[in-house]
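Asks: Top line first, the protein sequences correspond to chains R and S. Using the working numbering, read the first sequence as starting at 1 and increasing by one per residue. Using the working numbering, read the second sequence as starting at 1 and increasing by one per residue.
No lab work stands behind these hints: they were computed from the structure. All values derive from a computational prediction rather than experimental measurement. Cβ atoms here follow ideal geometry from the backbone N, Cα and C, with glycine treated the same way.
Which stretches of chain R does chain S cover? Using the computed rule of at least three CB atoms under 8 Å from a CB of chain S, they are:
1. 10-21
2. 25-32
3. 48-60
Mimicking BS3-like on lysine-lysine, the simulated pairs with C-alpha atoms at most 30 Å apart in a straight line are:
4. S:K173 <-> S:K314
5. S:K219 <-> S:K382
6. S:K42 <-> R:K65
7. R:K141 <-> R:K95
8. S:K18 <-> R:K29
9. S:K42 <-> R:K49
10. R:K65 <-> S:K14
11. S:K42 <-> R:K29
12. R:K65 <-> S:K18
13. S:K357 <-> S:K316
14. S:K172 <-> S:K18
15. S:K42 <-> R:K44
16. R:K65 <-> R:K39
17. S:K316 <-> S:K256
18. S:K360 <-> S:K256
19. S:K173 <-> S:K226
20. S:K226 <-> R:K65
21. R:K29 <-> S:K14
22. R:K39 <-> R:K49
Anything over 10 Å on all C-beta distances counts as not near chain R; from chain S, calculated:
23. I95
24. R148
25. K173
26. D182
27. Y241
28. R246
29. F252
30. K360
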Amino acid sequence: MVQKEQEWISIPMTVDVPYRFAAGQYLTKYLVEMRDNGKIFAVKCPRCKRVQLPPRIVCAECHVKNEEWVELAQEGTLVAFTIMYLPLTDPTTGKPHEPPFVYGSVRLDGATSVLDHFVNVEPDMEKVWVGMRMRLVLRPKEQRTGDLSDILYYEPLPGQVRPK
Amino acid sequence: MADRVAIVGIAQTKFAPKRADVSYGEMAYEVIEAVLRQTGLKMDEDIDNSISCSHDIWDGQTISDIGITDVIGGHLRNEEKMALDGSTAVHYGTIGILSGEFECTLLMAHTKMSQTNRNIVNNDAFEPIYTRLLGFDYTSAAALQARRYMYKYGVTPEQIARVVVKNLANAKKNPVAHQSGDFTVADVLSSPLVASPIRKLDIAPDTDGAVAMILASEKRARQITKTPVWIKGIGTCYDAYYLGDRDLAGVFALEKAAAQAYRMAGIKNPRRQIDVAEVGDDFSYQELLWMEGLGLCDRGAAGRMVESGATEIKGKLPVNPSGGLLGGVPINVYGLNRVAEAALQVMGQAGDHQVSKDVKVAVAQGHSGFCGQHQCVVVLGKE
Ligand SMILES: [Zn+2]
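For reference, chain R alone in the conformation it holds in the complex (with noise of 0.2 Å):
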């Protein structure tokens, strides 16, 4: 007798939720300074004096209400990466990022927090290091839309030779 191989039931389903979330007081006024004036800001806590990044209404904390804002260097140090070989999606496109691609995090001069994008740079171990001195790129003026994607990514700055 043929045995009948046991069938199982699944249903494909894209769950498929619009958003538009607002960016508030905060970081509205952060994407506009990028945008318009190529700045980036943040804001400093009254109390501990923590630069922080992304601008937010309340020092974590303290919890007191941050009001003053700073304007940062655009070099800074990365002070971790990966290299990733996943293709991740950007969601605001739907499209992926063609691996291999490096994420890294810089603390521009002068913030507390790190920033994370996109590092500009051969996706090899020998060129990318912990404590690499990196520098901001924006897309140009005319072409920025007031998102995070106005930053193009990180750029190591000339002349940096790997410490031993």
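Add chain S with the ligand to chain R, keeping to what the hints say.
Replies: Quick look at chain S with the ligand alone, frame taken from chain R:
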């Protein structure tokens, strides 16, 4: 261990169709800052527990509280989220204080309905293999419940329309309400059909906003305010998930939740002992259904009670003097707003929509899931 728990502070945003000017964290901070200022409490010194209430798919973020731990005081300390209606935050916060673990708990519920689409979000509440592919949402499910309730008890469209007329008139006196106005039964019955018998004016509108509340142990409450509102009784109960397992005209879960809350509060005759009710009228017919589930009248009698004027702001048993949810309150915030409005009535601080009679005991009801699957009842009172 604390014997009693009190509401010692309440703050609500103005509810508005679209708050494009604030992120959801900033919107939450509006009410947190206001309730701390009102009570004179400090986040680091006084608040020892925080509970938020929101919904991942509405917020568009998994574990929707992780992005607001800074504003709610959850940084490097305790914060937990109730993924249910805001009334359950009151239930959970009260239990924490009664356990003796906490003395002063901040509750906050928020939702920006404007950032996505209610029909899509609510469709995700349905079981993916079974009725989800019908496109079902809360409104279509509610329409079945409304039809069943009207059929079983002979409730008329005019009686249900009276709920809308009453609540939108009450909302005129409530400064946080999003919509209000002088409507007639005829206006309601000629508003566009959405899912018969439910019409546009029968549905709580999409809105954005937040509510914060502080609960305290008896000892702390006495130090904080002269007008503590005591949580006299709480109860919750789930009904079946599948609509097909329930009698949609039934109010089984609400009766169980109410029985629990009334037993704790020593309420034997809710019709005599309760002075005012704030119930979850996501849809107008639900105000009637929940009045019956709360035992404020006999089964099937709520329509006639509304017609008699007894539930008006000046009536014998006012229901939703705030304008209810039909005045515009965001989903997930619904229940915390119900409790807040009931508490304001007990404090005598409801302003223009304060009921005429003296309020000693108020009841608030919130629910989660389609057709009120989960029910939460909170009884509030003076000394
Ligand atoms: Zn600080």
